[in-house]
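Chains as they are written, first to last, in the working numbering: chain A, 1 to 543; chain B, 1 to 235.
Everything labelled a hint here was simulated from the structure, so no lab data went into it. Every residue, glycine too, gets a C-beta built ideally from N, C-alpha and C. Accuracy of the hints is not assured; some may be wrong.
Within a straight-line C-alpha distance of at most 25 Å, the following computed SDA-like cross-link-like pairs (lysine to any residue) qualify [stated by the list, open to error]:
{"id": "1", "chain 1": "B", "residue 1": "K222", "chain 2": "A", "residue 2": "P295"}
{"id": "2", "chain 1": "B", "residue 1": "K222", "chain 2": "A", "residue 2": "R176"}
{"id": "3", "chain 1": "A", "residue 1": "K175", "chain 2": "B", "residue 2": "L219"}
{"id": "4", "chain 1": "B", "residue 1": "K222", "chain 2": "A", "residue 2": "N479"}
{"id": "5", "chain 1": "A", "residue 1": "K301", "chain 2": "B", "residue 2": "N97"}
{"id": "6", "chain 1": "A", "residue 1": "K436", "chain 2": "B", "residue 2": "G141"}
{"id": "7", "chain 1": "B", "residue 1": "K53", "chain 2": "B", "residue 2": "L219"}
{"id": "8", "chain 1": "B", "residue 1": "K107", "chain 2": "A", "residue 2": "K428"}
{"id": "9", "chain 1": "B", "residue 1": "K107", "chain 2": "A", "residue 2": "R176"}
{"id": "10", "chain 1": "A", "residue 1": "K436", "chain 2": "B", "residue 2": "A117"}
{"id": "11", "chain 1": "B", "residue 1": "K107", "chain 2": "A", "residue 2": "R91"}
{"id": "12", "chain 1": "B", "residue 1": "K109", "chain 2": "A", "residue 2": "T398"}
{"id": "13", "chain 1": "A", "residue 1": "K484", "chain 2": "B", "residue 2": "K109"}
{"id": "14", "chain 1": "B", "residue 1": "K109", "chain 2": "A", "residue 2": "R208"}
{"id": "15", "chain 1": "B", "residue 1": "K113", "chain 2": "A", "residue 2": "E130"}
{"id": "16", "chain 1": "B", "residue 1": "K109", "chain 2": "A", "residue 2": "L294"}
{"id": "17", "chain 1": "A", "residue 1": "K428", "chain 2": "B", "residue 2": "L186"}
{"id": "18", "chain 1": "A", "residue 1": "K436", "chain 2": "B", "residue 2": "A223"}
{"id": "19", "chain 1": "B", "residue 1": "K113", "chain 2": "A", "residue 2": "K217"}
{"id": "20", "chain 1": "B", "residue 1": "K222", "chain 2": "A", "residue 2": "K428"}
{"id": "21", "chain 1": "A", "residue 1": "K333", "chain 2": "A", "residue 2": "H270"}
{"id": "22", "chain 1": "A", "residue 1": "K436", "chain 2": "B", "residue 2": "K160"}
{"id": "23", "chain 1": "B", "residue 1": "K222", "chain 2": "A", "residue 2": "K175"}
{"id": "24", "chain 1": "A", "residue 1": "K301", "chain 2": "B", "residue 2": "D138"}
{"id": "25", "chain 1": "B", "residue 1": "K107", "chain 2": "A", "residue 2": "E130"}
{"id": "26", "chain 1": "B", "residue 1": "K113", "chain 2": "A", "residue 2": "N479"}
{"id": "27", "chain 1": "B", "residue 1": "K222", "chain 2": "A", "residue 2": "D157"}
{"id": "28", "chain 1": "B", "residue 1": "K113", "chain 2": "A", "residue 2": "R176"}
{"id": "29", "chain 1": "B", "residue 1": "K109", "chain 2": "A", "residue 2": "M1"}
{"id": "30", "chain 1": "A", "residue 1": "K217", "chain 2": "B", "residue 2": "N183"}
{"id": "31", "chain 1": "B", "residue 1": "K222", "chain 2": "A", "residue 2": "R208"}
{"id": "32", "chain 1": "A", "residue 1": "K242", "chain 2": "A", "residue 2": "D411"}
{"id": "33", "chain 1": "B", "residue 1": "K222", "chain 2": "A", "residue 2": "R415"}
{"id": "34", "chain 1": "A", "residue 1": "K484", "chain 2": "B", "residue 2": "Y224"}
{"id": "35", "chain 1": "A", "residue 1": "K436", "chain 2": "B", "residue 2": "S85"}
{"id": "36", "chain 1": "A", "residue 1": "K436", "chain 2": "B", "residue 2": "N183"}
{"id": "37", "chain 1": "B", "residue 1": "K222", "chain 2": "A", "residue 2": "D411"}
Just the calculated beta-carbon pair ranges, DEER-fashion [claimed, not checked]:
{"id": "38", "chain 1": "B", "residue 1": "D214", "chain 2": "A", "residue 2": "H414", "range": "41 to 51 Å"}
{"id": "39", "chain 1": "A", "residue 1": "L294", "chain 2": "B", "residue 2": "Y224", "range": "46 to 56 Å"}
{"id": "40", "chain 1": "A", "residue 1": "N158", "chain 2": "B", "residue 2": "D138", "range": "18 to 28 Å"}
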Amino acid sequence: MSHPCVVTLDADSAPRVIFAGDRLVEVNMPPGTRCIYPKPPLEPLADVDAAIRYAINHPEGGDPLFAKLKPGMKLTIAVDDISLPLPPMKRPDIRERVLNIVLAMCADYGVDDIEIIIALGVHRRLRGPEIKHIVGPKVFKEYYPDRLYNHDAEDHDNLVVLGETELGEVVEVNKRAAESDLLLYVNLNFVPMDGGHKSVICGLVSYRSLRAHHNPKTMRQCHSYMDPAASELANSVERMGKVANQKLNLFTIETTINNRMFPDALSFLHKNEDDLDGKERALLNGIVQATAILPQAAREKIFDASPAPFGVTGVFAGETEAVHAKTLEMCWKQYCVPVEGQADVLVAGIPYVSPYNVHAFLNPLLVQVMAQGYLFNMYRGHPILKKGGTMIITHPCTDRFDHDQHAPYIDFVHRLLPETRDAMELHKRYEDEYAKDPALIQMFRTGHAYHPSHPFFMWYWGEAGRQHIGRVIVVGADNEYIPKLLGWETAATMEDALYMARGEEARKLDITLLHAPPIVMADVTIPEAASESAGSEGAEAES
Amino acid sequence: MLDSRAQLRDQKALPASYFDVDGTLISSNVLHPAAYYLSHQQTPLQVALRFGKTLANAPRMAMAELADRRTFNELLFSSYGGMSSDRLELLADDAFNTAMKPYLYPKAKDLIKTSRAAGHEIVLISGTLDFMLDRLADYFGGASIICNRLEIKDGYATGKLLKPVVAGPEKARLIREHARINNHDLNDCFAFSDSYSDVPMLSVVGHPAAVNPDRRLSLLAKAYSWPMFDLGVNT
Chain A
1 MSHPCVVTLD ADSAPRVIFA GDRLVEVNMP PGTRCIYPKP PLEPLADVDA
51 AIRYAINHPE GGDPLFAKLK PGMKLTIAVD DISLPLPPMK RPDIRERVLN
101 IVLAMCADYG VDDIEIIIAL GVHRRLRGPE IKHIVGPKVF KEYYPDRLYN
151 HDAEDHDNLV VLGETELGEV VEVNKRAAES DLLLYVNLNF VPMDGGHKSV
201 ICGLVSYRSL RAHHNPKTMR QCHSYMDPAA SELANSVERM GKVANQKLNL
251 FTIETTINNR MFPDALSFLH KNEDDLDGKE RALLNGIVQA TAILPQAARE
301 KIFDASPAPF GVTGVFAGET EAVHAKTLEM CWKQYCVPVE GQADVLVAGI
351 PYVSPYNVHA FLNPLLVQVM AQGYLFNMYR GHPILKKGGT MIITHPCTDR
401 FDHDQHAPYI DFVHRLLPET RDAMELHKRY EDEYAKDPAL IQMFRTGHAY
451 HPSHPFFMWY WGEAGRQHIG RVIVVGADNE YIPKLLGWET AATMEDALYM
501 ARGEEARKLD ITLLHAPPIV MADVTIPEAA SESAGSEGAE AES
Chain B
1 MLDSRAQLRD QKALPASYFD VDGTLISSNV LHPAAYYLSH QQTPLQVALR
51 FGKTLANAPR MAMAELADRR TFNELLFSSY GGMSSDRLEL LADDAFNTAM
101 KPYLYPKAKD LIKTSRAAGH EIVLISGTLD FMLDRLADYF GGASIICNRL
151 EIKDGYATGK LLKPVVAGPE KARLIREHAR INNHDLNDCF AFSDSYSDVP
201 MLSVVGHPAA VNPDRRLSLL AKAYSWPMFD LGVNT
């Protein structure tokens with residue numbers, strides 16, 4: 001018997017409503033389509049502040065935080081950036097609550113040499129109001145900008161090499177963090193790929209360190225990113241994290257949230273469309289119609305101004321690996337839905353936001369990341385899609401970029417992709433040149449642009465998906481050029497896309513629709529009869 | 001044939017980064033050093049006379065600034081006429097420390113450093129006079145300069161500029177010439193400027209960038225997806 005979140009459609013089923021950028025669209029799926037819905041949000045903690053205090057006083061491994069605090073010590077607190085959660089969390093953000101408690105404790109213990117660093121790796125620098133949203137007005141007022149600032153992965157005077165792994169991966173980290181008596185990392189774990197060693201190893205390092213694992217070779221060996229046990233990215237990060245932790249006195253605080261992305265009035269967006277009551281159905285129709293007729297700017301404004309009422313489900317503190325094990329358990333509990341068997345066709349709606357376009361437009365390269373990177377990878381065990389299968393997505397794929405945030409992306413899409421889509425080729429021929437581009441580096445360092453290596457990383461992020469997926473068909477693209485650049489086909493409607501997927505032989509297809517967001521992951525098992533072919537498929541992927 | 005092409009490619013130098021100076025790397029302009037020199041004459045009378053002459057030229061300079069940067073430069077630099085080359089050199093360090101260095105944008109040095117780290121030849125191209133730009137090049141740890149030079153006769157400035165006068169579209173030609181002589185491939189080179197009047201210079205390289213751009217350049221940079229950034233605010 002299948003899980004309640006796995007629904008098989010019949011001839012009487014209502015159309016499904018999925019995202020297509022900042023629109024919600026109805027799609028008619030054929031009978032037999034399997035829809036995977038997110039689990040209902042886990043019950044949030046009743047007293048979050050008490051949970052924070054308990055976690056730092058009863059850590060997973062090592063001494064409690066108060067025992068590590070000494071008057072006159074140098075303390076650095078690193079905080080996850082605004083790339084998560086998505087959309088940004090309704091205030092107070094959990095990071096603010098952790099900081100308020102930790103800083104009060106520091107004051108009690110006479111620790112006043114404190115700096116707070118936004119651990120953004122090679123993401124864009126956050127603006128003041130964005131930092132304020134994360135840390136809260138009290139901390140912002142007291143620390144910003146001199147003692148609360150963005151990490152600078154290109155400030156070579158303020159980076160230091162801690163060592164390298166047995167495989168030659170160089171661990172180069174923020175100097176202030178490295179030279180502190182205690183480094184405290186405050187994480188918000190949105191998906192299982194986040195947190196653990198990745199916090200420091202991706203958030204506080206240089207481009208040189210990131211390229212050790214943000215490369216096509218590593219990405220091809222991730223099955224999936226969301227399953228650390230099957231991810232070469234996670235392996236590399238763990239090796240580097242162990243080197244870092246030998247030198248750093250690190251105390252990790254991780255937090256988990258439920259998947260309540262929408263306010264109560266819109267909570268029905270989690271639900272099976274066939275289970276909606278009359279009022280919910282009318283409201284859903286209204287939203288579909290409204291997003292169809294509202295101008296682009298209005299849609300953007302509405303979504304951008306809608307923080308998510310996520311509830312905090314866990315707070316864990318102490319030694320990095322022990323803490324992260326607890327965090328992952330909570331993530332699996334919220335996101336994983338057991339699913340039996342793979343699909344010939346995976347259908348997914350691409351939403352308006354990704355980790356890399358908060359307060360900006362989701363440009364074509366990020367659409368690719370969302371499709372072949374994130375949504376394809378929302379599995380443990382086996383991919384939802386069979387090897388060589390078809391992924392159908394809904395998105396306009398508009399040729400538009402935010403000049404301030406995504407300047408390096410523009411060249412990547414319009415200059416490099418027409419030359420090659422081969423990730424290895426792009427890595428070898430162009431990454432180094434772009435990563436050193438003085439103008440783009442300056443935009444990264446003094447403006448709010450992503451590092452010039454970032455569009456490359458975004459392309460690599462889709463690499464495991466590209467290796468596995470046979471074809472991608474976009475429904476509702478407003479142009480042909482961008483899908484072609486990305487190596488995709490287009491279809492005017494879902495019916496047309498499914499017709500194309502069936503092929504000339506009009507074969508019967510196993511179709512699965514991943515009804516996200518909110519986030520949902522599939523724990524895919526393969527029935528014994530099919531496991532033999534899947535086994536050889538896995539071996540192929542490994543090679 | 002193929003071999004000689006390959007050899008030519010191999011011989012190509014690393015790219016150059018061409019930097020406009022006034023408004024791009026520093027917030028001051030050619031008037032600041034000029035004012036310093038005019039106010040540092042041997043007697044108060046000479047100071048008054050030189051300021052008087054320059055002020056008399058002010059309306060023409062204002063008109064020229066609107067129409068043609070080259071004429072503006074020629075009018076402004078005529079106020080140096082009669083100064084000895086020894087004196088120009090003698091005051092240059094103080095003039096640099098007073099009229100240029102304090103006006104450097106906070107992140108200007110970082111930008112030069114990043115370009116140098118990428119292996120680029122650093123070239124400052126400016127209407128500023130050579131004895132001032134030399135100091136700036138030294139301050140940046142060495143750089144080539146393309147700039148204006150006063151005509152000197154019998155040890156004294158005549159008030160005229162030697163040709164070519166560095167201004168406006170002429171900068172583009174000078175960059176092409178510099179690249180040809182130094183075997184830079186312009187497609188790989190970078191240029192940085194704050195002003196719409198430097199669009200010709202920005203357009204000859206493969207990697208133009210707008211730095212602290214004026215409104216018109218900002219619009220153009222957005223339209224063509226050129227990188228755009230500022231180098232901090234001078235306080």
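Evaluation of the provided hints:
no., hint, result
1, B/K222 with A/P295, "22 Å, holds"
2, B/K222 with A/R176, "36 Å, violated"
3, A/K175 with B/L219, "38 Å, violated"
4, B/K222 with A/N479, "22 Å, holds"
5, A/K301 with B/N97, "49 Å, violated"
6, A/K436 with B/G141, "20 Å, holds"
7, B/K53 with B/L219, "39 Å, violated"
8, B/K107 with A/K428, "31 Å, violated"
9, B/K107 with A/R176, "21 Å, holds"
10, A/K436 with B/A117, "8 Å, holds"
11, B/K107 with A/R91, "34 Å, violated"
12, B/K109 with A/T398, "38 Å, violated"
13, A/K484 with B/K109, "42 Å, violated"
14, B/K109 with A/R208, "22 Å, holds"
15, B/K113 with A/E130, "29 Å, violated"
16, B/K109 with A/L294, "47 Å, violated"
17, A/K428 with B/L186, "23 Å, holds"
18, A/K436 with B/A223, "24 Å, holds"
19, B/K113 with A/K217, "32 Å, violated"
20, B/K222 with A/K428, "29 Å, violated"
21, A/K333 with A/H270, "16 Å, holds"
22, A/K436 with B/K160, "42 Å, violated"
23, B/K222 with A/K175, "35 Å, violated"
24, A/K301 with B/D138, "50 Å, violated"
25, B/K107 with A/E130, "23 Å, holds"
26, B/K113 with A/N479, "42 Å, violated"
27, B/K222 with A/D157, "32 Å, violated"
28, B/K113 with A/R176, "22 Å, holds"
29, B/K109 with A/M1, "66 Å, violated"
30, A/K217 with B/N183, "36 Å, violated"
31, B/K222 with A/R208, "30 Å, violated"
32, A/K242 with A/D411, "36 Å, violated"
33, B/K222 with A/R415, "17 Å, holds"
34, A/K484 with B/Y224, "22 Å, holds"
35, A/K436 with B/S85, "42 Å, violated"
36, A/K436 with B/N183, "21 Å, holds"
37, B/K222 with A/D411, "13 Å, holds"
38, B/D214 with A/H414: 41 to 51 Å, "26 Å, violated"
39, A/L294 with B/Y224: 46 to 56 Å, "30 Å, violated"
40, A/N158 with B/D138: 18 to 28 Å, "26 Å, holds"
In summary, the numbered hints that this structure violates are 2, 3, 5, 7, 8, 11, 12, 13, 15, 16, 19, 20, 22, 23, 24, 26, 27, 29, 30, 31, 32, 35, 38, 39.
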